[in-house]
Structures are given as structure tokens and as C-alpha cells.
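Novice: Sequence:
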Amino acid sequence: MLLTLVGLVLFLVAGAVGDEHNHIYNERDEVVLWMNTIGPYRNRQETYPYFSLPFCRGPKTTIEHTHETLGEALQGIELQYSGIDIRFKVDVPKSPICSISTDQSVLNRLKDAINDQYWYQMYLDDLLIWSEVGELSKTKEPYIWTHKSFDIFYHGNQIVKVTLSNSELVPLKLGGTVGFTYSVKWYASDIAFENRYDQYLDFMFFRHRIHWFSIFNSFMMVLFLVALVFMILLKTLRRDYARYNKEDGLTDLDRELGDEYGWKQVHGDVFRQPDHPALLSSLVGTGAHVALVSCVVLFLALTNRLYTERGGFVSIAIFVFAATAPVNGLIGGSLYAQMSGKRWIRQFLLGSTLLPLLFCSVAFLVNLIAVYYHTSRAIPFLTMLAVTAIVLFVIIPLNLVGTVLGRNLCGQANYPCRVHAVPRPIPEKKWFMEPFFLILLAGILPFGSIFIELYFIFTSFWAYKIYFVFGFTLLVFLLLIAVTSSVTAVGTYFLLNSEDYRWQWTSFLSGASISVYAYQYSLYYFIFKTKMSGLFQTTFFFSYMALFCICLGITCGAIGYLAASRFVRKIYSTVKVD
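Under mature numbering (1 follows the signal peptide of the UniProt record, and there is no 0), read the sequence shown as residues -18 to -1, 1 to 560, first letter to last.
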């Protein structure tokens, strides 16, 4: 049954790995020109259906096929047939498309679109085409482009390039008529089909020297940090072990009169159940799940060029997230069992719905504003039902399987130290050893290892660039894991050495604190790197940046906790305790 449901998810997102069409044409076959969305240039996500403006369709009304994937719907891709008749290898001289009458309503809407620098997007054989509605004259009078000239390049029986040239600027006047025309020219090309998307990729921007330098800088920082952590901890722990082994030969009276301090003194409390174990284990399971999904999706994007398919990245991410749901339950369920948690069903439900509810909450807020503004970003009702079905009938059952396996296979704690019945009082310590300070400090280095890459990712999502250097992203993510693990281990050592055994939440929040710095950087990016404006675009930006930063925080928090947990088990398994 579960395999059938996973197959259903694969069917829903099938557009992620291959279009229904094979991109092969015979002479005079129809080549469909899709009109997608239109919106202000400065607000990339504020898009509307193309025909929401008073444009007209071409005379051709029949069409052989149409297809929309789940990823397309979630990304606001809304394809509408242009009505323009284009045939493979058939040149078309200047021909009429349609005409509109410019009454006061039409005139005002077109003027507003031109004043706001509206651009529209089209697809021809999955190739992107952008163009602007019109221009303002030197006297600020609006002019509209009326002629579209398509130059289409083919290699064999496949289309490899499309360019659009606008001409014939016409002033907008009340009570007039505006006629739209088009022409098509076909050219043979040497461009291979597999390289046809290279025309959209900004190699100079993404492979700039600073990008390579940031990767090298992060890599060197990781090497230095890991070596420093290893040297400090090796030297410090060796000294601690020598001191503790010496104390093992003392009598109880000598030990009480001696100057005892350090992490060994809390061996009877270090594995004590933390506060809110169900929430902590659910967060760790969710973070580990997101980390795995990120690695798999980045690897698939690196090897399959997902950016060439409409909605491909989102679609494959949904499928991988659903298919790997048992990982969430396996880690979260086993961790909760090790913490001697009794309400495992509550923990299972919390872990399986935590991230979907978070996504739905943000999407619901943005969707309300999108519906009010009638933008294409409004998620259709059937798409909501499809996502809900995936959560209810795929993610939750698979998470349950993982939880049951985790509790039964990995639920035994096997702590190296016994937990005392009475909690040990936590002594006063210096302010810089307080968990709050350690948490804030721990996020600086992990953020420093990724903030250059964040700039490239933000520019791709919020501006008009296609992100394709997924090898960089995967490498940076692996470096982030190494930095977060090292920093959290050091912070945990300092906390335990101050005889504070509350390391579980401290280690998680230490890793998660990167989200604070990432969100602050997004605020800087919004103010100084964009010209976004308006309620919808601003809400969209800060809502989804908050969602991104929360997911980043949960992921790094889980990495930090798992690294600290391994570190704690390691150091306490090598000392002698009564």
C-alpha cells in the first residue's frame, strides 16, 4: 500500500524528471507558444496571468496538448495558450495576431503596466522568452510594443534557441485601436540540444573569482577549525583524564577536600532527560530529514540539470521529502525512546507534521494576500488537496514506519554513565559561559562559511538569474556540516566544563542560531540589493525567508545536537566513574 502511495507521489511530480513531450518535431508540426505570467520587473514574485491585462489571443484556438505539474502550480506557473500559430521550419511573414480597443479602462491598465515596467514570460518548447510590454518616451508618454519577431533556431529536428525582438512602438491613445502582429524566421544551428539552456546561464556571475575564493576560504576555515578543535580538545581532555585518573586513587575525604571541578563532576546528570523531550527529538528528526533531502536533491540537480524543467526542482524536492520520511521517524523515534519518553504517539505526530504545518502556515498567509491581489502565486484548491493527500497518506504513514523501527531497533539508551536520582545543582559561572551566550556565539562561524553562497542563491531566487552551480552548493553544505559539528562540540565542552549539564537544548540551539544571522542578512539583502516594493512582494519575501531560515536553523540544530551527542558519549565512555 505504501509503495502504491509513493508511486502516486511520483506520478504527481513526474514532470520533474522529464516532460511528456520528447522535443522532436517533424516539418510543419505545431510548436506551441505558451504565455505564462506578467508583472513588475522589480518584484519578481508579484506575477499575474498574462491575459489578466487587456491583451488579446491569436486566431488559433485549437491545441493538441497541455500539462501542468505539481511543482509548476506551487511556483505560480500559469501557462495559457497564446493562439499564435507556429509550425516547425515554417517561416511566417508579418501577420496579424489580434487587436484591442483602448477605452478608458484598458488605457489605464496598460499605462500602469508600462509605468511599472511590466515584463512577461513565454515558453516555446520549454525555452524561456522574456519581453517588456512597452516603454516610456522622453516626455513620459507610454508606448506599447505591437510587433513580435521570433527567431527560432533548430538542430536536426529539435529546437535549440529562441529569440524575440520587439518593434513598432505605438502610443496609447483613448478611443484608438492597437493591432498586434508577429513574424517567425527559422534558422539552422550547430547548438547541441543538451546545451540549449546554456544561453540562459550567467557563467561569469556564478563562476566569478569571488565565488571560488569563498569556497576556498570556507574550506580552509573548516580545516583550521577542525584542527584547532582536535588539538585543543586532545590536549585539554588528556590533562583532564590525567587529573581524574589521579583522583580515582584518592579517598572520599581527600576528594571532598580537593579542588574538584570540570565535566566529569556532572557524569551523573549529563544523560538526564532534557526538558520537552518530545519537541527536541521531533526537531532533531526533522532536521536530519531535511539535511538528507538537501543532499539528495542537490546531487540530483547536479547530475540531472533540473533547472531545464518547469517546476522541476520543487517537484523532485517534494518527492524526495515524501520518500525519505521514514528517516524522520527513525531518528526522532529512537531519540525519544532513549530519553525514556512515554508518549511516543504524540512525538510521532509532532515530528511528522512539524515541517508540513510550518510550510502550510506560511503558504496560507501568502496565499491570502495573493488571492486578494489576484496574482498567479495563489495556490489552486486542487493543488492544496494534492499536497494534503501527500502529507496524510504518504509522509505520515512512512514516518510511522520509521518511528516504530527506531523505537525497536535503536531505542536502547546504553549510556556510559548512570543517571543520579537527584539532580546536581548547577553552580554559578561567568557570563560568557552561560548557555545563551554560547548559543549566540556558535552561529557566527557557520554563517560565515555560507554567507557568500547565500548571496548567489538569493540573487537567483529574487532576481532574474537561473541557479545552476549545484556542485558549489553541495560542497558548501558539507562544509557547513563540518563547521557546525566542530563549533557545537567545542561549545558543549565549555558548557560541561562549567559543570552545567544542560547540553541537549544548548547544542541544538547553538546549531540553530545560524538562522538568526541568516535572517538578518536577508533583511540587509532586501534593503540594499533589491528594489522590491508593495505589500505582496514584501510579505512574500519576508515570509519565505523566515521559512528558509527556520528550516536552515532546524537542520543545523539537528547537526549540532547529533555531533554534541556523539562527543559527549565519547568523552564519558573513557573515564572511570563509580
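Misleading hints may appear alongside valid ones.
[Claimed, not checked] Keeping only pairs whose Cα atoms sit at most 30 Å apart, straight-line, the calculated DSSO-like set for lysine-lysine is:
#	residue 1	residue 2
1	Lys42	Lys143
2	Lys122	Lys513
3	Lys411	Lys324
4	Lys143	Lys217
5	Lys447	Lys552
[What the hints assert, rightly or not] DEER-style ranges, computed between Cβ atoms:
#	residue 1	residue 2	range
6	His5	Ala445	25 to 31 Å
7	Phe175	Ser322	57 to 63 Å
8	Asp184	Ser113	27 to 33 Å
The hints are simulated quantities; they were obtained by calculation from the structure and are not laboratory data. All values derive from a computational prediction rather than experimental measurement. Think of the CB as a built atom: it goes at the ideal place given N, C-alpha and C, for glycine as much as any other residue.
Novice: It remains to establish, for every hint, whether it holds in the given structure.
Specialist: Hints, one by one, checked against the model:
1. Lys42 <-> Lys143: Holds: Lys42 and Lys143 sit about 23 Å apart, inside 30 Å.
2. Lys122 <-> Lys513: 21 Å, holds
3. Lys411 <-> Lys324: Measuring from Cα to Cα gives roughly 34 Å; hence the hint is violated.
4. Lys143 <-> Lys217: Violated. Lys143 to Lys217 sits at ~62 Å, over the 30 Å cutoff.
5. Lys447 <-> Lys552: 46 Å, violated
6. His5 <-> Ala445: 25 to 31 Å: 28 Å, holds
7. Phe175 <-> Ser322: 57 to 63 Å: 59 Å, holds
8. Asp184 <-> Ser113: 27 to 33 Å: Given range 27 to 33 Å: violated, Cβ gap about 19 Å.
When the structure is compared with the earlier hints, violations turn up for hints 3, 4, 5, 8 and for no others.
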